[in-house]
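Use the sequences and the hints to build the structure in full.
Below, each chain spelled out in residue letters.
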Amino acid sequence: MPPASFLSDAAPATRPSEARERALLARIAAHDREAMRELYLTYHRRLGRFLTRLTSRHDLVEEIINDTLVVVWQKAPEFRGDSRVSTWIIGIAYRRGLKCLRAEQRASENMQMPLPEDGWAGDESADNNVARDWLERALNALPVDQRTALELTYYLGYSCEEVASIMDCPVNTVKTRMFHARQKLRVVLPLLAAPQMEP
Amino acid sequence: MQHMTESVSCDAMQKALPWFITGRLAEGEAVELRAHLGVCETCRQELAAEEQLRSLIGVENSVELAPQASMRKFFERLDNLEAIPASAPTQTAPSRFRRWQVAAAVVVTVQAAGLTFLGVRLNATDPRTVTAAAYVTRSAGAEHTFGPRLRMVVDPSLSMAEFEKMLQSIDAQIISGPSEARVYTVALPAAVGSKDEAARLAVLRQNPAVRFAEPISAPDTRQ
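Chains as they are written, first to last, in our numbering: chain A, 1 to 199; chain B, 200 to 422.
Treat the hints as calculated values from the structure; they're not laboratory data. Values in this document were obtained by computation on a predicted structure and should not be read as measured data. Treat the hints with care, since some could be wrong.
Stated by the list, open to error - Using 25 Å as the maximum straight-line C-alpha spacing, the simulated PhoX-like pairs for lysine-lysine come out as follows:
hint	chain 1	residue 1	chain 2	residue 2
1	A	99	B	272
2	A	75	B	214
3	A	75	A	99
4	B	272	A	184
Said to hold, decoys possible - So, partial list: chain B residues that the calculated Cβ filter (under 7 Å) puts toward chain A:
hint	residue
5	221
6	223
7	252
8	253
9	262
10	264
11	269
12	273
13	382
Here a beta-carbon is modelled for each residue, glycine too, at the ideal position from N, C-alpha and C.
This is how it looks when you write it as structure tokens:
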């Protein structure tokens, strides 16, 4: 069952939204503030969703969002259209925020609790919260590159090529990063699957 | 198209699984993968495990942030980007100051040592200092005669527009800052005498957003 948030975010491949964004970008290149406002609202939400899955620091997220959209304002005239508008913008956000995100990831690593090796005995309701907690910790423990590949793929629904464009790396690198992320998270899976797996 | 699926690398197939699951795998690759799954139990198990993982990750919600406050700050930044230095009608240095372009130029004419500018960006939690890091005026070439100088610290909640308005009301301009401690050095016009200086300082101190404002006592040219 795909996550509802991904569906409501308008899949990147939707052509009408791409055409609309390109039209906005053309107006922004002419310094149309109303167009910028419209794009801002769309991307504040979209970038916020992406970035808040990589860091819990909302102040950093807001800073990265605004930095990114300032760049969009300035570079709109240079957008050549060889990528989707969304991959271009999210790529800017990712690169812009990389330093912040890596520092944040190092900080959260220091708070990392060790993952349990075996299952544990507990009541069902508590299990769910504990399970979510383990998943959250496991996600936080991933290197930023691996977590980004994972979130872009599973949360934002980008193709491998689009992720490569956003992260500015080869497709095979994306697959490798994704693979490592998945392997690490599999450690947590037996815990999350107990007692009953949700469909 | 027939494939010798046993010879196809399971490793390569498994690496492509995430995009197969999300429906974002290229058609040719998807066809190949489906064929492989038809004959490879190991990869079928991998697919099941991966679907499980994916459904669990997706359930974690991200936070929705309200955009209005950020958008306001954003458009203030755009205003600052486009601020043109005023052709000075007064005898003193122009009271407008450029921001991002100045930061890019990174030219500091004030003889202050040890001020960090862009370096404070990622460390500061004060959103205003992100843009304010560029708040270094560059005298247009020639030296300017600045009047009495003040050091001041303002509340982080004060917007740049409000700060600017406050300084304009006493005809002051920022000549350096913020430092890491968020201290700005501000100069009054050259013609201002000590009584006038005291009056303008009082205006600043009246503003609740001003945490600290003190004259730099020695009439020197160093910070």
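The hints, checked one at a time:
1. 99(A) - 272(B): Holds, at about 22 Å.
2. 75(A) - 214(B): 35 Å, violated
3. 75(A) - 99(A): Between residue 75(A) and residue 99(A) the Cα gap is close to 21 Å, so the pair holds against 25 Å.
4. 272(B) - 184(A): With a Cα-Cα distance of about 39 Å, the restraint between residue 272(B) and residue 184(A) is violated, given a limit of 25 Å.
5. 221: 5 Å, holds
6. 223: 4 Å, holds
7. 252: 6 Å, holds
8. 253: 5 Å, holds
9. 262: Holds, about 5 Å.
10. 264: 5 Å, holds
11. 269: 5 Å, holds
12. 273: Holds, because the Cβ-Cβ distance from residue 273(B) to chain A comes to roughly 5 Å (cut-off 7 Å).
13. 382: 21 Å, violated
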